[in-house]
Amino acid sequence: MNLPRIVCPPDPGLLQSFVDRTVLVRVPSLGEAAAAAARVGQSGNRLLCVIVESDSPLADLDFQEDQKAIPLAVMAPSTGQFRHLARQLDLLRSFNLRVYLPGHHAENLVGLRILSSVGIYTCAVLGNGSMDWEALADLMTYAVLERVPHAAIEPFNFIASRYDPAAYLEWGGIFFDDPKTYLHLDGKGRVALSPAELRKKQFIAQSIAEIPEPAEFPAIRERLQAWRQYFLDNHPCASCPGWKICLGRFAGDGLGNQGCAGFFLEMLEVARQFKNRQTQAEEFRIWQP
Amino acid sequence: MATVIFKPTEACNARCIYCDVVHKKPRPPVIMPLETLELFFSRINEFLLERREEGMEVIWHGGEPLLLGPDYFYQALHFQEKHCPETKSRIRHSIQSNLTRFSRDFTEVMKKLGITSFGSSYDPILNLRGLGKKRDSQAYNRKFMEGIRLVEEEGFGWGIIYVVTKPALAKPREIFHFLANFSPRGAFMFNPVLLYDAKLDYLKVTPEEYTDFLGAIFPAWWQHREEYPQVEPFSSLAGNLLEGGTSLMCCDSGSCARNHINVLPDGSLSLCGRAADWGLLQYGSIFDKSFAEALADPQREVLLERNQVLPDTECRGCRFWDICHGGCPLDAWSGSGSFLHKSEWCHAKRGFIEKYFEPTVNPGPAGGAAPVPEPSHPRPPSLPANLARIGESGSPEVPEAPGELPWISPIGGLGDTLMISGVLKQVVEKNPSRRFNLVARTKYRPILEGHPAIAHIGHPPPGAGFVIFTTNYWEHEDYQRPGKRAYQVLARIFGLTPPVEERLYVPWEFQDDPVLIKLIPWKERNILICQSSDSPRKQMSLERWEILVEMLARKGLGVFQVGRIKDPYVRGAYSLMGLTSSRQLISLVRHFDAVVTGDNFLMHAAQLCGVPAVVLWGPTSHRVYGYAGQTHLQARTECEYSGGCIGSGDGGHLYQIPCPRGPAHCLDELPLEDIYASVTGRLTGGGGGS
Amino acid sequence: MANILLTTKCNRSCPYCFARQEMSGSPGDSLLSWENLIYIADFLQASGEQQISLLGGEPTLHPDCVDFILYLLERDFRVMVFTNGALSPSRLAEFKDHLTEVNPERLTFTVNLNDPVQTPASREEMERIHRFLSVMGPWAMPGFNIYRLDFTLDFLFDAINRFGMKRHVRLGLCHPVPGQRTGYLRMEDLSRVVRRIYSYRQQFDAFRVSPGLDCGFPLCQFNDEELGWLHRHRGLIQFGCGPAVDISPDMSVYYCFPLSRYRRKSLFEFDSLAQIDHHFLKIRQEMKAEIPGVYGECDGCRYLEEELCAGGGLCRVLNRFVDEAPIRLPEIEHELAKNRLSS
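Chains as they are written, first to last, in my numbering: chain A, 1 to 289; chain B, 1001 to 1690; chain C, 2001 to 2343.
Chain A extracted, bound-state conformation (with noise of 0.2 Å):
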């Protein structure tokens, strides 16, 4: 197993104390992002992207040419107004940049399809709350099967690109939740699996220093093997068509969530149509030299 990416805030005492990791980095304003990537720079890690994580609607947000160069993941709780953001599309569209909007606001699933349409990259953070299947579904749809141009919006593409029938996906780390590849650090160094759990203060070491064979870590190695007690509980997720692409992520209550079967049967035909037009494409290409 490589090393997970570190995320914590920039705080340079924080940073120094581990070296030659990947890290990213939180921030709770636009304007502290350059600032914070510089600390990475100087603490001897490698910068992965700096999280914004507003309060504010993206297009309240002011964005400026110096931050051109700095890989973002700005969290919004929102877009905003179009007419606000149609001033900034030319900027943003420069930027190496994806935006997250929160997965189970109704609103928020038309402003994904709104920023991919316009060239924004973007992400739907899924799991934090209950979710309109349906209007998923067709953003899914919209971001796979598409054929006008449009930005990617994820997990979906992702989803649909990685998808291996003889395989489990794992897709969280799409917004930073998967312990194999993201650990999540407060300010104090404590180490937790997950933002929700970093949220809730459940910690798994009081440092990133604690673990140094990740895989052998119990915490991190019993919420890898979690799946496997879906099978042993007989949940109703392990008899479920999509499970090779959830895992049971939105089991909630123990009764499997409603919705979500149907909606990951439709993220499963989507990926196969995905696939099977990148075979078509394969087929027609003419020969090369």
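One or more hints might be untrue.
Selected chain B positions facing chain C (Cβ under 7 Å, derived; list incomplete) [said to hold, decoys possible]: (1) Ser1409; (2) Val1439; (3) Arg1441; (4) Thr1442; (5) Arg1445; (6) Pro1446; (7) Ala1455; (8) His1456; (9) His1459; (10) Pro1462.
To list a few chain C residues with every Cβ distance to chain B over 12 Å, as calculated [unchecked claim]: (11) Asn2112; (12) Arg2201; (13) Leu2267; (14) Glu2269; (15) Cys2298.
It should be emphasised that the hints constitute simulated quantities derived from the structure, not laboratory data.
In this text, a Cβ means the ideal position worked out from N, Cα and C, and glycines have one as well.
Fit chains B and C to the given chain A structure using the hints.
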């Protein structure tokens, strides 16, 4: 390849409810002694040295073979190395285990024995499989899950046999998806539970129930079979039935008599595990028999005889014999006490194939037949059912609402219009006060406006107090009768008594376009041609027209083409296409010495104007449409094409569809020399004829 | 080009309204959603379309009208908005804030103006229209629907000059709506309409305003002098009849407003605009197989055959079928009966 079901122990840590082995007192010894194990490998070597082309598959079975511990397997490996130096490459090991006792200590020896995968069993339904006397399912499942994890981490594959019991029948799809989710890289197999203890009847499934269980799953597997693991019996059936494969389970192979041996811990030999459990088909012991001798045991004759008997008795004519061979002979014995019958599970297999497999794989005409494409513009627009169809009834009596003239709904081509006009002229000649209204419809007004029988052209008002004549004579019952001509059918529709004289008529003076007439580069003798028709089946190919035009031009004749503006041009002809209205076209015909055309408006127009015509007939018949005095070159009206043609009377839906015979289209078989000779003949005063 | 109906609501009640039937048949709060707008934009872009018209009802009543316009511009469409111009002050403020920086070549408002004398509006409505034109004049051109023979055009020239509008007038004929007893101009009166338009030649020429003829004008109703004059202003003139391809908020697609109940389908049933055109072409062929055009002379007319003229509007052809016995092609009669259009 000979197959040894090798049971070095019958002990098991599990108490699966349907297992025959654990329900009887284990036969001593519980574990095969090492000297017996050594002899076993020595016997293998002896067999393989005798049969240098053969291999031997050793299936480690039990009981639970992992209870033997890694050292026992190392001993086996040692004995193989010791006794089989020349033959070990032809020995293939596999293993059937519940995996609850797997540990990393087994990894090395398993790999050295060449084992890459474990066959196992699992059931999410509780209390069917379990550890210890209490049959603890949850403990079993936890240990199994841990075993699976280790097996995967150590680089082994694994597959599952799922035993279908009564409780499983309620949720076939759930079980299928459970297993498919559980082993995305593996394989699994459904087997019906086989129970011989009456106390367990509540778990039994009938062959029909098993059929329906598989049938509920099969469509889901079939739809995305390339994504699912190998699932039996589906994969084998698909391979065997659709791709001509020959992959058969032991129970279907019909060859167990030739190559199966079961070895128990005490070294005793029998056909298979079930035979040993039931005390049947015992062949002695490895202490006194070689494998070759066991395979030649006279008791096996009855199984070979079975292969001869069944095709002439219970399996006579069965199309699935090659993939079934009457099923497991032990099943037959358990049902009837004789091996010479087919398995009672025959119904399950055959039923599944016929009820579920074949309808899913090959939906047949109801589900799979491509719909016949609708013609884009069907020729005969039928009258809505709520209006009277006088034209079809053949009744000469025309009921007429007081104060309301009957309406004519004109349907058909422009040529038909000239016939209608001629018939109506005869109607008013016979009854000068007779009048009709004409439904306004594209292309009829220019021909029929001013006709003495037409009082008004327009839109019939709503209401049922009047009658509408439709001119779709091809739907009239008379049309199908031999010898009936289109003109005569129309005459009957309008109340005339056939036969009538077939006169065409237009109610207006001929109207030449003087400028056009002046500009046309007339030659001494001029021919007017028309290649087009509403139906592509009534057209001779353009290439042949061009050859004909060249032949006529070489003779010094002027050749002029008429038609609609977008009709295909016949190279070599002087194009007048799209330059005339329908009235002007009729008038233009009079200026030509002869007409060469298919069954179309120009044929009728030439008749109207008294211009000699050579008419090329294909699917339609000159006997129905052609006029006396014209030269008719008929290809043939009967077509051997199975889909029929427009001339057959039922071909309305084919009218717009080109002939499927391509270059063999009937009109293209007309000899051009004949056409040419007919034209030149008409120019020199030759008469008409067929 | 496709017309997208943003809403079925309207804040005006014009006597000639040919959309009334369609509007009255829709829920009052029927609004186009963002999802459907994006779907339509993708659909049209994939079909190679570069221009979109926004209609209603009154499209500016849609709460996201400004955002929709900006979005479509962002998607590289040229946008034409058909409006009555009677915007509320708050909506006009939105327009001023967000649309006045748009290149007028990419955004046009066709403001449907009524004759202030013949079709008088309330004072408030007139004030709203004037305020709209005073803000958006350079992006606007007047449209005028002709529903009576004594129409006047003077007020249009005045508006163009007073508010700096684009120097073009869209002139539309009021057509019958099959199955509805709405007022419309009779075909035999169309030559008088043409004469009257031509009588304003001096104003058109003096103010350099080009006349644009909407659908359903038959070529034969113009003399060569009138045609020459039109040609000098507009180049090639179409005497066609759609299909307009109207897409309603519920994603229905139909030939045009008057034919909104005839062979209506869902946009989701099509993969491209070409497929929709094919569908409508089939409808037109069916009808033309029954009646070639609105005049008896259309039968055999070379201009109709050469597709230089559509023989008047298809809505007029269908209107004939509505008032007669069910004698036409089964496909036509079935549709008429289904939509209670047959008599």
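Cross-check of the supplied hints:
| no. | hint | verdict |
| --- | --- | --- |
| 1 | Ser1409 | holds, 5 Å |
| 2 | Val1439 | holds, 6 Å |
| 3 | Arg1441 | holds, 6 Å |
| 4 | Thr1442 | holds, 5 Å |
| 5 | Arg1445 | holds, 5 Å |
| 6 | Pro1446 | holds, 5 Å |
| 7 | Ala1455 | violated, 15 Å |
| 8 | His1456 | violated, 12 Å |
| 9 | His1459 | holds, 4 Å |
| 10 | Pro1462 | holds, 4 Å |
| 11 | Asn2112 | holds, 33 Å |
| 12 | Arg2201 | holds, 33 Å |
| 13 | Leu2267 | holds, 23 Å |
| 14 | Glu2269 | holds, 17 Å |
| 15 | Cys2298 | violated, 9 Å |
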